[in-house]
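Residue numbers (the numbering used here), protein chains in the order written: chain A, 4 to 253; chain B, 4 to 253; chain C, 4 to 253.
These are computed hints drawn from the structure, not numbers from a lab. A virtual CB, placed ideally from N, CA and C, is assigned to each residue, including glycine. Any given hint could be a false lead.
[Stated by the list, open to error] Cβ-Cβ distance ranges computed for the label pairs, FRET-style:
| no. | chain 1 | residue 1 | chain 2 | residue 2 | range |
| --- | --- | --- | --- | --- | --- |
| 1 | B | Leu57 | A | Pro216 | 26 to 34 Å |
| 2 | B | Val253 | A | Ala27 | 29 to 37 Å |
| 3 | C | Arg112 | A | Ala195 | 16 to 24 Å |
| 4 | A | Ala240 | C | Ala189 | 18 to 26 Å |
| 5 | C | Pro171 | A | Glu194 | 29 to 37 Å |
| 6 | B | Pro215 | A | Ile252 | 32 to 40 Å |
| 7 | C | Ala27 | B | Ala110 | 26 to 34 Å |
| 8 | B | Gly144 | C | Ser30 | 22 to 30 Å |
| 9 | B | Pro29 | A | Asp168 | 18 to 26 Å |
| 10 | B | Gly243 | A | Glu194 | 47 to 55 Å |
| 11 | A | Thr164 | C | Asp235 | 50 to 58 Å |
| 12 | C | Arg163 | A | Arg209 | 47 to 55 Å |
| 13 | B | Gly202 | A | Ala240 | 29 to 37 Å |
One letter stands for each residue in the lines below.
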Amino acid sequence: MVLFTDFGLLGPYTGQVKAVLQSAAPSVPVIDLFADAPMRNPRSAAYLLAAYALWFPAGTVLLSVVDPGVGGDRAPVIVEADGRWYVGPENGLFEIVMRRAEAAGMAVRSWEIERQPDAPLSASFHGRDLFAPAAARVALGATPPAAAVQEPRPPGAGRRTDWPDDLPEIVYVDHYGNAMTGLRAAALAAEAVFETPGGCRLTRARTFSDVPPGAAFWYENSNGLAEIAVNDGRADAALGLAVGSPVRIV
Amino acid sequence: MVLFTDFGLLGPYTGQVKAVLQSAAPSVPVIDLFADAPMRNPRSAAYLLAAYALWFPAGTVLLSVVDPGVGGDRAPVIVEADGRWYVGPENGLFEIVMRRAEAAGMAVRSWEIERQPDAPLSASFHGRDLFAPAAARVALGATPPAAAVQEPRPPGAGRRTDWPDDLPEIVYVDHYGNAMTGLRAAALAAEAVFETPGGCRLTRARTFSDVPPGAAFWYENSNGLAEIAVNDGRADAALGLAVGSPVRIV
Amino acid sequence: MVLFTDFGLLGPYTGQVKAVLQSAAPSVPVIDLFADAPMRNPRSAAYLLAAYALWFPAGTVLLSVVDPGVGGDRAPVIVEADGRWYVGPENGLFEIVMRRAEAAGMAVRSWEIERQPDAPLSASFHGRDLFAPAAARVALGATPPAAAVQEPRPPGAGRRTDWPDDLPEIVYVDHYGNAMTGLRAAALAAEAVFETPGGCRLTRARTFSDVPPGAAFWYENSNGLAEIAVNDGRADAALGLAVGSPVRIV
C-alpha cells in the first residue's frame with residue numbers, strides 16, 4: 004500500500020489513516036510516498052502521481068487523497084489503471100494515470116465506493132473513514148466488482164479532457180528546492196531550453212555534478228519528470244519557482 | 004502503540020523511541036498520531052490528547068510525551084483511564100483524559116514509573132530512556148501493579164483541578180492551517196458564534212464544501228473538536244490564529 | 004536498518020528507499036534516525052553520525068546518505084567500523100566513525116559497491132538505486148567480501164585526515180531549536196565556557212530544569228554531544244545559531 008496525499012506527517016491525518024490500515028490489513032506494508040502532494044490541488048497532483056506511480060509494481064494499491072471538495076458531491080472511487088489500483092476522490096487526481104493507461108491500450112475501469120452502512124463517516128475526513136477502508140479491502144484482494152460495495156462509474160464520469168497530456172508548470176518543489184515540472188523528459192528534445200517566469204533560460208544536464216556549483220539547469224529526474232535544479236543550491240529560491248509557476252519551452 | 008509527542012519526526016527523537024520500542028516489543032505496531040503536539044505546552048496538549056485518544060480502541064497504549072520539565076521533579080507515570088493506557092510525564096498532560104473518564108464513572112488509576120536499575124537514564128530524554136521502555140512493557144501485557152517497577156500514585160497527585168473542562172483556546176493548528184480549539188463541538192449550540200481575537204465572528208457549518216471558497220467558519224472536526232477553518236484557505240493566516248489564541252463564544 | 008539522510012520525509016525520497024528495502028528485505032525493521040541530517044554537508048553530518056550511530060547495537064546497518072556529489076566520481080561504499088555497517092557515499096561522511104573506531108583499535112574496512120548489471124541506475128538518486136539495495140543485502144547477511152559485487156577500497160581512499168577529531172561548530176539544530184555541536188562533552192572540562200559568534204558566554208548545566216526559564220546553557224545531550232540550549236526557548240533564534248556556526252571554548 005502506497006500513500007499519496009497532502010495530509011502531512013506530523014499531525015493526526017496520516018496517523019489515523021495508518022491506524023485504519025493497520026487494523027483492517029495488518030499484513031500489508033505501508034509506504035509513505037508523498038504526504039506533501041500539491042495541497043488542495045488535484046490538477047498538479049495528477050501529473051506527479053502519474054510519474055511516481057509507474058515506479059511501483061503491478062498490483063500496487065495507491066491510496067491517493069488530495070481532496071479539497073471533501074464532504075461535497077465528487078464521487079469516491081476505486082480506479083484500475085495500468086495494472087495498479089487507485090483509491091481516492093474523483094476530482095481529476097486520476098485523470099493523467101487513466102489517460103496514459105488508455106493511450107497504452109491498457110484496461111481502465113472505475114467504481115464508486117459506497118459507504119459501509121455500519122461505519123461512521125465524518126464530513127471532513129473521508130481519507131480515514133471511506134478511502135482507507137476501501138484501500139484495505141482492495142489490498143486484501145477484494146477487488147471490484149466482487150466487493151459488493153462498489154458500483155461501476157459511467158464512462159467519462161469525472162474526466163478532465165481539457166487538461167493537457169503534459170503540464171508545462173511546476174507541480175512539486177522538493178525538500179532541496181528542486182522544482183519538478185509536469186513534463187515527461189523523454190518527450191523533450193535534448194536541446195530543449197526552459198524559460199522560467201523570471202526570464203531565466205536553462206539548458207539540459209545529466210545530473211547535478213555535471214554543472215558548476217550554483218548553476219541552474221534542467222534534467223530528467225529519477226522518475227522521468229523534467230526538473231529544474233541548482234547544483235548545491237535551491238532552485239525554488241534562486242529562480243522564484245513554486246507549484247503552479249509556468250515553464251516555457253523555447 | 005500510539006505516539007503523541009512534540010518530538011518532531013525528522014530528527015533523532017522519534018527514531019530513537021521507535022528503536023527502543025522495536026527492540027523491546029517488536030510485535031507491537033506503532034502509529035505516529037501527533038509528533039507536533041503543542042511544543043512544551045502540556046495544558047493545550049491535554050485537550051488535544053483527550054479528543055484524539057478516544058478514537059482508539061480500549062486497551063490502546065498511548066506513549067504521550069510533552070515534557071518541558073524533563074530532568075526535574077515531575078513524576079513519570081502510567082495512567083489507566085477510559086480503558087486505555089497512557090505513559091508519560093505527570094505534568095497535567097493526562098488531566099483531561101482522567102477527568103472525563105472519572106466523569107463517565109470509569110476507573111482511573113495512576114502509577115509512578117521507577118527507573119530500571121540496570122538501564123542508563125539521560126537527563127534530557129526520558130521519552131527514550133524511561134517512557135518508551137515502560138510503554139513497551141505495558142503493550143506486552145505487564146500492566147501495573149504486576150510490573151513491579153511501578154508504585155501507585157497518591158490520590159490527586161499532579162492533578163490540575165483549576166483547568167476548565169473545555170478550553171476556549173486554539174490548541175492545535177494543522178498542516179492546512181485549520182485551528183482546533185479545546186472545545187468539544189457536541190457541547191456547543193448549533194447557532195453558537197465564535198469570535199476570534201481579531202474580532203471576526205464565525206458561524207457553524209457542516210464542512211468545507213458547504214461554504215464558498217475563502218469563507219471562514221467553525222465546524223465539528225472528525226474527532227469532535229470545534230475547529231476554525233477557511234474553505235480553500237488557511238485559517239491561521241487569514242484570522243491570525245496560533246496555539247494559545249483565545250476564542251470567545253458570543 | 005537505520006536511515007541517516009538529508010532526504011526529508013514528506014516527499015518521495017525516503018518513501019522510495021523504504022519501498023526498495025521492503026521489497027528486498029521485508030523482515031528487516033527500518034528506523035528513521037535522521038531525515039534532516041545537514042543538507043548537502045557531509046562534514047557536519049560526519050560528527051552527528053558518529054555520535055548517534057554508537058547508540059545502536061553492534062551489527063546494525065546504517066544506510067547513510069548525504070551526497071551532494073551524486074552522479075559524480077565519489078565512490079559508493081560499504082564501511083565496517085566499530086562493529087556496525089555503514090552504506091553510502093565515500094565523501095567524508097564516514098570519516099569520523101572510521102577514525103574513532105581505529106583509535107579504539109577496532110577493525111575498519113571498506114568496499115566499493117559495484118552496480119548490479121541488471122538494475123537501473125538513475126543519475127541523481129543513488130540512495131534508491133544503489134545504496135538501498137546494497138544495505139538490504141548487508142542486512143540480510145551478505146556482508147562483503149562474500150557479496151561479490153564489492154571491491155575492497157585501497158587504504159586511505161577518500162579519507163579526510165585534515166578534519167579535526169571534534170568539531171567546534173554547530174552540526175545540527177533540532178526541532179526545539181537546540182543546537183548540537185560536533186564536540187563530545189566527555190572530552191570537555193566541567194567548567195568549560197562556550198562563546199557563541201554573537202559573544203554570548205555559556206556555562207554548563209546538567210539539563211533544562213536546572214536553569215531558569217529563558218536561560219541559555221550548554222550540556223551533554225542524550226547522545227554525548229555538547230549541545231547549546233535555552234530552557235523553555237529556542238537557542239537557535241535566541242543566540243543566532245545555525246549549522247556551521249563556530250563555537251569557541253574559552
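Now for the hints, and whether the structure bears them out:
{"no.": "1", "hint": "B:Leu57 <-> A:Pro216: 26 to 34 Å", "in the structure": "violated, 53 Å"}
{"no.": "2", "hint": "B:Val253 <-> A:Ala27: 29 to 37 Å", "in the structure": "violated, 43 Å"}
{"no.": "3", "hint": "C:Arg112 <-> A:Ala195: 16 to 24 Å", "in the structure": "violated, 46 Å"}
{"no.": "4", "hint": "A:Ala240 <-> C:Ala189: 18 to 26 Å", "in the structure": "violated, 39 Å"}
{"no.": "5", "hint": "C:Pro171 <-> A:Glu194: 29 to 37 Å", "in the structure": "violated, 49 Å"}
{"no.": "6", "hint": "B:Pro215 <-> A:Ile252: 32 to 40 Å", "in the structure": "holds, 37 Å"}
{"no.": "7", "hint": "C:Ala27 <-> B:Ala110: 26 to 34 Å", "in the structure": "violated, 47 Å"}
{"no.": "8", "hint": "B:Gly144 <-> C:Ser30: 22 to 30 Å", "in the structure": "holds, 24 Å"}
{"no.": "9", "hint": "B:Pro29 <-> A:Asp168: 18 to 26 Å", "in the structure": "violated, 47 Å"}
{"no.": "10", "hint": "B:Gly243 <-> A:Glu194: 47 to 55 Å", "in the structure": "holds, 50 Å"}
{"no.": "11", "hint": "A:Thr164 <-> C:Asp235: 50 to 58 Å", "in the structure": "holds, 57 Å"}
{"no.": "12", "hint": "C:Arg163 <-> A:Arg209: 47 to 55 Å", "in the structure": "violated, 27 Å"}
{"no.": "13", "hint": "B:Gly202 <-> A:Ala240: 29 to 37 Å", "in the structure": "holds, 36 Å"}
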